[in-house]
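Which chain is which? The protein sequence lines are Y and R, in order.
Okay, so the first sequence: first residue is 1 according to our numbering, each after it adds one.
Okay, so the second sequence: first residue is 115 according to our numbering, each after it adds one.
Do not rely on the hints blindly, as some may be mistaken.
[Stated by the list, open to error] Quick list of the computed label-pair ranges, beta carbon to beta carbon:
#, chain 1, residue 1, chain 2, residue 2, range
1, Y, Pro-70, R, Pro-144, 32 to 40 angstroms
2, R, Lys-228, Y, His-10, 25 to 33 angstroms
3, R, Ile-174, Y, Leu-83, 35 to 43 angstroms
4, R, Ser-117, Y, Gly-98, 14 to 22 angstroms
5, Y, Arg-110, R, Lys-228, 22 to 30 angstroms
6, R, Pro-193, Y, Glu-54, 39 to 47 angstroms
7, R, Ser-128, Y, Pro-70, 49 to 57 angstroms
The set of hints was computed from the structure by calculation and includes no laboratory data.
Even for Gly, the Cβ is constructed at its ideal location relative to N, Cα and C.
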Amino acid sequence: ETGVTQSPTHLIKTRGQQVTLRCSSQSGHNTVSWYQQALGQGPQFIFQYYREEENGRGNFPPRFSGLQFPNYSSELNVNALELDDSALYLCASSLVGGRADTQYFGPGTRLTVL
Amino acid sequence: AQSVTQLGSHVSVSEGALVLLRCNYSSSVPPYLFWYVQYPNQGLQLLLKYTTGATLVKGINGFEAEFKKSETSFHLTKPSAHMSDAAEYFCAVSGYGGSQGNLIFGKGTKLSVKP
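Start from the sequences, fold in the hints, and give me the full structure.
Right, here's the structure in full:
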């Protein structure tokens with residue numbers, strides 16, 4: 001059974017640029033959630049996708065957007081990067097996205113914005 | 115609104131000593147609670163979770179946690195610390211309503227284990 005994978009591992013961008021992060025969910029999971037973890041903080045929920053539809057969103061501006069594909073993999077896109085976007089971005093997959101569901105996390109993508 | 119508070123950003127114990135990491139939550143609905151561990155440069159791994167039923171929950175690597183509704187707590191314990199337990203630990207509560215299925219995390223507690 002393949003776990004959650006993310007790419008790339010690290011990324012360096014400059015302010016104002018755009019970035020796309022990718023996530024492959026665990027086999028059999030149809031829900032993907034994205035989190036931002038700033039240095040020294042706990043992860044913060046960005047949004048969740050269930051069967052290709054956005055199924056909840058945290059307190060993040062519209063320049064954070066996402067997609068989920070028919071194979072349940074997912075992308076996180078961030079436009080007009082700001083310095084504060086520097087963080088570890090975590091993807092998590094779960095069976096159906098319910099409250100009791102366990103979320104399985106990938107290793108993350110470390111984004112640095114200069 | 116739901117929230118999680120982890121008391122102590124850094125806890126240090128000696129190898130073989132009891133590990134106690136504190137977590138208090140706030141929730142207007144019956145909470146579903148989770149403990150995750152994060153090793154350096156890695157993602158989060160589930161240690162244990164409470165949904166319903168038995169309030170003492172056993173997890174992986176010898177960890178357990180007890181849900182105490184009257185104290186709104188879900189503290190994590192391990193009787194005897196091992197060097198490999200050194201990591202950051204996060205307590206989380208599951209969202210509900212429009213945010214169903216998302217996790218609300220505390221700020222984390224970094225555990226150090228001294229030889």
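Legend entry - Broken hints, by number: Violated hints: none; all satisfied.
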